[in-house]
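First residue of the sequence shown? That's 1 in our numbering, and the numbers climb one at a time after it.
Just so you know, the hints here were simulated from the structure itself, not pulled from any lab data.
Note that beta-carbon positions come from the ideal geometry of N, C-alpha and C, so glycine has one too.
Incorrect hints may have been included.
[Said to hold, decoys possible] Here are the simulated lysine to aspartate or glutamate pairs, EDC-like style, with alpha carbons at most 16 angstroms apart: (1) Lys324 <-> Glu282; (2) Lys283 <-> Asp245; (3) Lys223 <-> Glu28; (4) Lys287 <-> Asp271; (5) Lys57 <-> Glu20.
[As the list claims (entries may be wrong)] Beta-carbon label-pair distances, calculated as ranges: (6) Ser265 <-> Ser5: 40 to 46 angstroms; (7) Asn239 <-> Lys22: 38 to 44 angstroms; (8) Pro374 <-> Gly81: 51 to 57 angstroms; (9) Asp221 <-> Glu88: 34 to 40 angstroms; (10) Ser83 <-> Leu16: 18 to 24 angstroms.
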Amino acid sequence: MFSISEELSNYQPIDLANIENKIGAIPEDIKMATELYNKALSEMGNKNEDIAIIALKKAISLYPDFYEAMNLLGLCYLSLGESDKAREQFSRVIKLDDSGLRANRYLNQLDGTSEDDVKKPSNTKRRSKPASNLLSKVATGLAPESKPNYYLKYIAGFVAGILVFLIVWLLLPGNKPLIIDFSGLLGKSAKYQAKIEELQKEILNYDNLLNETQTALKSADEKERQLQDRLDQFIVWTNNLRELDKLFYEGKYKEVVVQIEKNLSGLDMPDEIKKEIDAINEKAKPKSIGQFYESARSIYNSNSRAKDPAKYALAADEYRMAIKIIEELDEKPNYTAEIYYYGGKAIALSESPNKQQADEEAVSCFEKVISIAPRSTLANYARARINEIEEGIAIKH
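Sequences are here, hints too, so could you generate the full structure?
Shown next, in the form of structure tokens:
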């Protein structure tokens with residue numbers, strides 16, 4: 001039986017600091033991919049598979065040969081019950097890496113096949129591809145081979161600087177101040193003077209290296225902060241996406257559209273999340289028209305006695321949302337004329353944002369009714385409402 005928790009125990013975080021101490025600098029894309037992989041492992045341990053999936057997808061996009069991340073992504077999908085997606089990931093590892101034994105074992109377990117039942121290929125010719133595991137690539141020296149280890153060089157520089165200082169100090173007479181004239185002290189020997197100048201140049205070089213190190217550390221801190229900000233943003237937007245999914249499957253299509261069209265519109269969101277939200281919005285819009293219409297009719301009818309313009313304005317806004325969605329669709333609902341007619345009445349009675357603009361918008365709605373159903377009873381009512389507006393007669397509830 002496939003045990004997710006048992007398989008997860010075989011995955012350990014990658015110790016970047018230890019690797020860098022051994023081989024030197026690691027390329028930024030691989031370093032960031034590794035940090036995302038470690039983040040995903042942590043989230044899997046906390047049962048946050050959704051966040052782990054997002055982090056792993058980003059890691060694989062940064063480093064396409066990250067087979068351990070692909071295997072872990074497959075386990076994430078299995079944990080969520082999405083076996084087809086898991087199978088796709090394991091197959092991808094086997095296709096890219098001939099040595100993908102772990103992915104092959106996962107597929108065998110998904111198919112219900114034991115390892116003994118799997119026949120080993122005999123003389124099958126497969127394309128040879130070098131191992132691309134992240135740690136193996138890092139271990140072979142992703143840092144430039146022609147350069148020594150950066151950090152060891154900096155440490156050696158500091159030690160050399162201290163030794164130079166001690167040598168110069170020992171050369172000074174006891175009754176002389178620290179700041180001396182080297183040319184006066186050693187003027188008789190051009191050899192010593194040249195050596196001092198050489199040492200001074202080395203000290204200057206080490207100072208420059210120290211400045212470069214400090215700049216690199218600041219850059220690394222900034223990149224780490226940016227990465228954390230992006231992960232935090234993913235977490236927030238993943239929660240928003242989960243809430244929209246919940247509303248959609250509860251049949252609350254109107255609430256989904258309002259959230260996306262009004263509350264989330266114009267906000268900066270990750271591209272992956274935006275695609276998912278746009279897809280939900282496109283599915284919810286056609287289903288939401290009826291709910292907007294029912295909400296608008298309910299608000300309008302509840303105002304039959306009070307005839308409060310503010311309440312008519314609320315109904316008008318609901319009709320406007322329904323009309324906006326209808327005009328985006330190729331296939332209109334069979335009650336489109338009713339939405340335009342009653343929407344026109346609500347807009348006219350709201351006198352919002354002012355009476356003139358409300359009357360012009362209402363006339364446009366009534367003309368739409370006549371265009372959609374020219375011989376219908378609603379078309380006759382629409383013509384009567386247009387005449388009332390043009391003659392300055394107040395429209396009745």
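Taking the hints in turn, this is what the structure says about them:
1. Lys324 <-> Glu282: Holds: lysine 324 and glutamate 282 sit about 13 angstroms apart, inside 16 angstroms.
2. Lys283 <-> Asp245: Between lysine 283 and aspartate 245 the Cα gap is close to 11 angstroms, so the pair holds against 16 angstroms.
3. Lys223 <-> Glu28: holds (9 angstroms)
4. Lys287 <-> Asp271: violated (25 angstroms)
5. Lys57 <-> Glu20: Cα-Cα ~24 angstroms, so violated.
6. Ser265 <-> Ser5: 40 to 46 angstroms: holds (42 angstroms)
7. Asn239 <-> Lys22: 38 to 44 angstroms: holds (39 angstroms)
8. Pro374 <-> Gly81: 51 to 57 angstroms: holds (54 angstroms)
9. Asp221 <-> Glu88: 34 to 40 angstroms: holds (37 angstroms)
10. Ser83 <-> Leu16: 18 to 24 angstroms: At roughly 32 angstroms between Cβ atoms, leucine 16 and serine 83 fall outside 18 to 24 angstroms, so the hint is violated.
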